[in-house]
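Undergrad: Sequence:
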Amino acid sequence: MHLNCSFNGLICHVSYLFQIFRKLSASENFSNHVINRISGTTAVELLSGLHWYLKYWCGAHISWSKTGGPQLSSVPKSGSLPRIQDAGITMKRPTPWSYYQNAVSSSYTFAWWDWERWEKEIDWMALQGINLPLAFTGQEAIWQKVFQDFNISAPDLDDFFGGPAFLAWSRMGNLHGWGGPLPQSWLDQQLILQKKILARMYELGMNPVLPAFSGNVPAALKSVYPSAKITRLGNWFTVRSDQDGAVPTFLMQQIPCSLK
Numbered sequence: 001m002h003l004n005c006s007f008n009g010l011i012c013h014v015s016y017l018f019q020i021f022r023k024l025s026a027s028e029n030f031s032n033h034v035i036n037r038i039s040g041t042t043a044v045e046l047l048s049g050l051h052w053y054l055k056y057w058c059g060a061h062i063s064w065s066k067t068g069g070p071q072l073s074s075v076p077k078s079g080s081l082p083r084i085q086d087a088g089i090t091m092k093r094p095t096p097w098s099y100y101q102n103a104v105s106s107s108y109t110f111a112w113w114d115w116e117r118w119e120k121e122i123d124w125m126a127l128q129g130i131n132l133p134l135a136f137t138g139q140e141a142i143w144q145k146v147f148q149d150f151n152i153s154a155p156d157l158d159d160f161f162g163g164p165a166f167l168a169w170s171r172m173g174n175l176h177g178w179g180g181p182l183p184q185s186w187l188d189q190q191l192i193l194q195k196k197i198l199a200r201m202y203e204l205g206m207n208p209v210l211p212a213f214s215g216n217v218p219a220a221l222k223s224v225y226p227s228a229k230i231t232r233l234g235n236w237f238t239v240r241s242d243q244d245g246a247v248p249t250f251l252m253q254q255i256p257c258s259l260k
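Numbering (the UniProt record's numbering) for the sequence shown: 1 to 260.
Hint data in this document are derived by calculation from the structure and do not stem from the laboratory. Every value quoted in this text rests on a predicted model; they were computed, and no experiment measured them. Any given hint might turn out to be false.
[Said to hold, decoys possible] In silico DSSO-like links for lysine-lysine, alpha-carbon gap of 30 Å or less:
1) K55 / K120
2) K77 / K145
3) K145 / K195
4) K120 / K196
5) K77 / K66
6) K120 / K195
7) K92 / K120
8) K196 / K66
Model the full structure from these sequences, guided by the hints.
TA: Structure follows, in C-alpha cells:
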C-alpha cells in the first residue's frame, strides 16, 4: 500500500478526512496491476485512512494493549490486499476537530508513562483520526519558573503542586499539595518528556491543546502581594478549608504591574 500526502495547512481548511483510490502501478509498465493509494492533508489523515482500510477491508483491529492490542493476523500480504471499488472512497470529517482526553486523564494513567508509551499513544491517536489532543504533561516546570518570577520560593511550591497521581485535581484547583512534594528531578524529566510529546504531535499534523492560567495560585502569593485579591476556596469533599495548604487559593484579578 502506498501512502501519499500533500500538506495544505490545518485540517479545518479541507473538506475530506482522507481518500482511498485505485491506481495503476508505474512499476508494472501500464499493466492491469492495481494498488490502493491513500491521500490526505496531514499524517493524521493518512494514518486514519490506513486504519480505516485495515479495519473495514482487512478485518484488522488496533487498540490499547489492555483491550486486545494490534490484531493484524487477518491482513493479507502486500500483493494480496483487497482492492477497493473503482470509484474510490472519500471520508469527510463531520467536524473540523477530533478531541481526545479530559482534564483528569493525566492522573489516571499518563503520570506514569515514559516516552516509549507516549509514542505508542500518539500514533494510536493518529490512527483514530485525532487531531486535537490535550497536552498537559510537564506544565509544573513552567509554573515553577513563572511563580519564581513572582518571588515564590521552592518550599512554597512544595505545598502547591500535588503528587503525580493527584496533579489533575491540583491543576483544576480542587486541592493543593496532596501527595506532594514533587522532586526537581521529576519536574525536569516531565518537561523533557513534554517536548518530545509535542514534537511528535506537530510532526503528525495535530494541534495539541496546552494549559493556560486559570487563576490557581500558591497560597504564599498572598504574603508576597498582600493587596492582591486572592480568595481561599471552601471545602472539597473531605478536604476541609481549615487544613493548611490543602485547599486552593485563586487570584481573582490581575496583579498590577506596579506590584510585580
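Undergrad: Against which earlier hints does the structure fall short, listed by number upward?
TA: 2
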